[in-house]
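A.B. asks: Could you put together the complete structure from these sequences and hints?
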Amino acid sequence: MGKSRETAHLVASYSAAVRQALKDKRFVSAYEADYDCFYASVFEAENPALKSLPLAVQQKHIIVTCNYEARRRGLHKLQLISEAKKLCPDVVIVLGEDLTRFRNASRQLYNFIRQFSWNNKIERLGFDEVFLDVTDIIRYNVELLNANDLTNSFFCLSQNDPTLGFPYNAAELAGHAYPASTACRTIADSNELDNLLLRLHLGSHLAQHLRAQLEEHKGYTATVGISTSKLLSKLVGNLNKPNGQTTLSPPYETSEGTTGNATAFIDGHEIGKIPGIGFKLAQRLREHILQRAAAIGSGLVYGGTKENVTVRDVRTHPTVNPEMLERLLGGPGSPHGIGVKVWQLIHAVDHSKVGQAREVPSQISIEDSYIRLDTMEEVLRELRMLAKSLIKRMHLDLLEENDDDAGTPPAAEHSKECVSLGRRRWIAHPKTLRLSTRPRPPLNSDGTRARSFNRISRSAPLPSFIFSLSESVDALTERLVSEALLPMFRKLHPERSGWDLSLVNVAVTNMADAAGDSKTATGRDISNMFRNQAEVLKDVLNGDTDMPAPIRSTDGRKGSEDLLVPSQESRTGLERGEWDSDDGAEEQVSVLTCEVCGAIMPAFAMLAHQRFHELGD
DNA sequence: AGGAACTAG
DNA sequence: CCACCTAGTTCCT
Numbered sequence: 210m211g212k213s214r215e216t217a218h219l220v221a222s223y224s225a226a227v228r229q230a231l232k233d234k235r236f237v238s239a240y241e242a243d244y245d246c247f248y249a250s251v252f253e254a255e256n257p258a259l260k261s262l263p264l265a266v267q268q269k270h271i272i273v274t275c276n277y278e279a280r281r282r283g284l285h286k287l288q289l290i291s292e293a294k295k296l297c298p299d300v301v302i303v304l305g306e307d308l309t310r311f312r313n314a315s316r317q318l319y320n321f322i323r324q325f326s327w328n329n330k331i332e333r334l335g336f337d338e339v340f341l342d343v344t345d346i347i348r349y350n351v352e353l354l355n356a357n358d359l360t361n362s363f364f365c366l367s368q369n370d371p372t373l374g375f376p377y378n379a380a381e382l383a384g385h386a387y388p389a390s391t392a393c394r395t396i397a398d399s400n401e402l403d404n405l406l407l408r409l410h411l412g413s414h415l416a417q418h419l420r421a422q423l424e425e426h427k428g429y430t431a432t433v434g435i436s437t438s439k440l441l442s443k444l445v446g447n448l449n450k451p452n453g454q455t456t457l458s459p460p461y462e463t464s465e466g467t468t469g470n471a472t473a474f475i476d477g478h479e480i481g482k483i484p485g486i487g488f489k490l491a492q493r494l495r496e497h498i499l500q501r502a503a504a505i506g507s508g509l510v511y512g513g514t515k516e517n518v519t520v521r522d523v524r525t526h527p528t529v530n531p532e533m534l535e536r537l538l539g540g541p542g543s544p545h546g547i548g549v550k551v552w553q554l555i556h557a558v559d560h561s562k563v564g565q566a567r568e569v570p571s572q573i574s575i576e577d578s579y580i581r582l583d584t585m586e587e588v589l590r591e592l593r594m595l596a597k598s599l600i601k602r603m604h605l606d607l608l609e610e611n612d613d614d615a616g617t618p619p620a621a622e623h624s625k626e627c628v629s630l631g632r633r634r635w636i637a638h639p640k641t642l643r644l645s646t647r648p649r650p651p652l653n654s655d656g657t658r659a660r661s662f663n664r665i666s667r668s669a670p671l672p673s674f675i676f677s678l679s680e681s682v683d684a685l686t687e688r689l690v691s692e693a694l695l696p697m698f699r700k701l702h703p704e705r706s707g708w709d710l711s712l713v714n715v716a717v718t719n720m721a722d723a724a725g726d727s728k729t730a731t732g733r734d735i736s737n738m739f740r741n742q743a744e745v746l747k748d749v750l751n752g753d754t755d756m757p758a759p760i761r762s763t764d765g766r767k768g769s770e771d772l773l774v775p776s777q778e779s780r781t782g783l784e785r786g787e788w789d790s791d792d793g794a795e796e797q798v799s800v801l802t803c804e805v806c807g808a809i810m811p812a813f814a815m816l817a818h819q820r821f822h823e824l825g826d
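Per my numbering, residue 210 is the first one in the first sequence, and the count goes up by one each step.
Derived by calculation from the structure, the hints in this document are not laboratory data. Heads up, some of the hints might be wrong.
What the hints assert, rightly or not - Within a straight-line C-alpha distance of at most 25 Å, the following computed BS3-like cross-link-like pairs (lysine-lysine) qualify: (1) K295 - K269; (2) K597 - K489; (3) K260 - K294.
Stated by the list, open to error - Using C-beta positions, here's what the derived DEER-type ranges look like: (4) R664 - E532: 29 to 35 Å; (5) V351 - F674: 42 to 48 Å; (6) G283 - T525: 37 to 43 Å; (7) N369 - S679: 30 to 36 Å; (8) D709 - T468: 53 to 59 Å.
All C-beta atoms in this analysis are idealised placements derived from N, C-alpha and C, irrespective of residue type, glycine included.
C.D. replies: Given below as structure tokens:
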């Protein structure tokens, strides 16, 4: 059928993962890494002797994650420490409350994987997942193929250096496939020399290479999903973990009675498992399908009894169409067009793009939660703590070391407070400061507590003294608290008492570039990247690849009531999740055009789209 | 702009 | 929203 011109994306996540997806004209790759296992892997990478031992990462009184050796002994996440010790007395338990090392490891792996990208389309999702759009790499390598000898192909990793790459068998898939029976299909058998199948094969080999490199050079295993969109690559990557990879096999389209693999695969998922369909949307969908209030997870650690409404249930429900979904799900708080987006998602259609690498977080925020915080003194103490962490984080994430001349300690280093003001430069200037709190609602007369997750906040221009490199962090902290945060707090809580806060958050946002456009590597940077690629890759292959060691922050705080993620550390804001941003997906690479409305979409979506018109009229 | 709601890991 | 924390987007005003 009409030639869709998929390209390739590849996504990687560590401790488990890389995902890839093929899309109309694009080929994304993605995988779903265990968040949990990532923490354990970080410790294992630091100390490989741990790999053969049952290892559990502790936060507060529970195990937030454990390695597979521990799982073999019956341990699992969210398990009480006491229970784990009883089950496995020789379990090695490490504290994972300080998130600094995880953040640093995440960055390092991200930077490593980024070296493989030609277009800089690489997007982090959380600490342990990455999407890569490898469309360009796949397309290039498809053109290099010798159709008469697919078995002895060479995958080229650089456009500048034809020797940089690896041999592979393009006729066969690397790793697992969905459906599993398609894993052994070769290009020769499937007489539809469909480009999609071929591209997916290449994607699978690239993913395998990436995983091997990641393991060899960084000591992390990863799991990958390979498909044509972020949606499909992420979901399909879940099938074989850890340390595996799965490709969603063609055909994706549904035709004449046979269901395409995209729909077949996604249909069995519980509706809330679909990225982009969060708790609220899922509940509303379940209630509509079930025609009654849907039971809610019981909040027990052990799973929860959720109603099992699948994508198929929603997709095939007679009343479900984009307009109806818009009515059901739209309204205040929901993005416009949510109906169409959800409708596309349940039909396995996802036009969202893999975002470009971002060098600067768009926001930095620090928060802590409290069992009780109701005096001005405590507030002041907490504001100081948060402000100090925030300033340190700004230094870590926004300050560039400009060491043209290696190790020339400037004579200006008389004050030890004064952090080598040598050659450091802000790469971004946040413009606004925000203070948020979550007041604990007062008790009602009947003793119940009103709901309120609500955070309230005040924003103000960020005072520019905060960018001073000559003042000490402590001095800056003091000024920030007294000149900015305290006045904001008074606006937020004019009463001098009577409140009780369960959370305080301080954030800087509105990043403005310091000089040139350093936020995103955009068009012009790309040519640079092409230029450097060959050398970079050589380094990679020589094992000479370590990124500059990130500065470690050592401040730690305590005293929060949190469970999974103890307050303490801040995290970077590089991650982005945009499953539903739609626009710009069509650059003009093919697929089918609807004759009714002119919409462009991948071929496998057309059937569903036609049904949309039928129902719509 | 600032604030709230939703989503995500 | 089971809780938790940091961050992103989007809508409303």
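A.B. asks: Hint by hint, say whether it matches the structure.
C.D. replies: Structure-based check of all given hints:
The hinted pair formed by K295 and K269 meets the criterion: a straight-line CA distance of about 18 Å does not exceed 25 Å. Between K597 and K489 the CA atoms are separated by roughly 36 Å; this puts the pair beyond 25 Å, and the hint is violated. At most 25 Å may separate the alpha-carbon atoms for a hinted pair to count; K260 and K294 meet this at roughly 18 Å. Between R664 and E532 the C-beta distance comes to about 34 Å, which sits within the given range of 29 to 35 Å.
Against the hinted window of 42 to 48 Å, the Cβ-Cβ separation of V351 and F674 comes to about 55 Å, which falls outside the hint. A hinted range of 37 to 43 Å holds for the C-beta pair G283 and T525, which are about 39 Å apart. Between N369 and S679 the beta carbon distance is about 44 Å. The supplied range of 30 to 36 Å is therefore violated. The hint said 53 to 59 Å for the Cβ distance between D709 and T468, and at roughly 55 Å that hint holds.
The structure fails hints 2, 5 and 7 (numbered hints given earlier, in ascending order).
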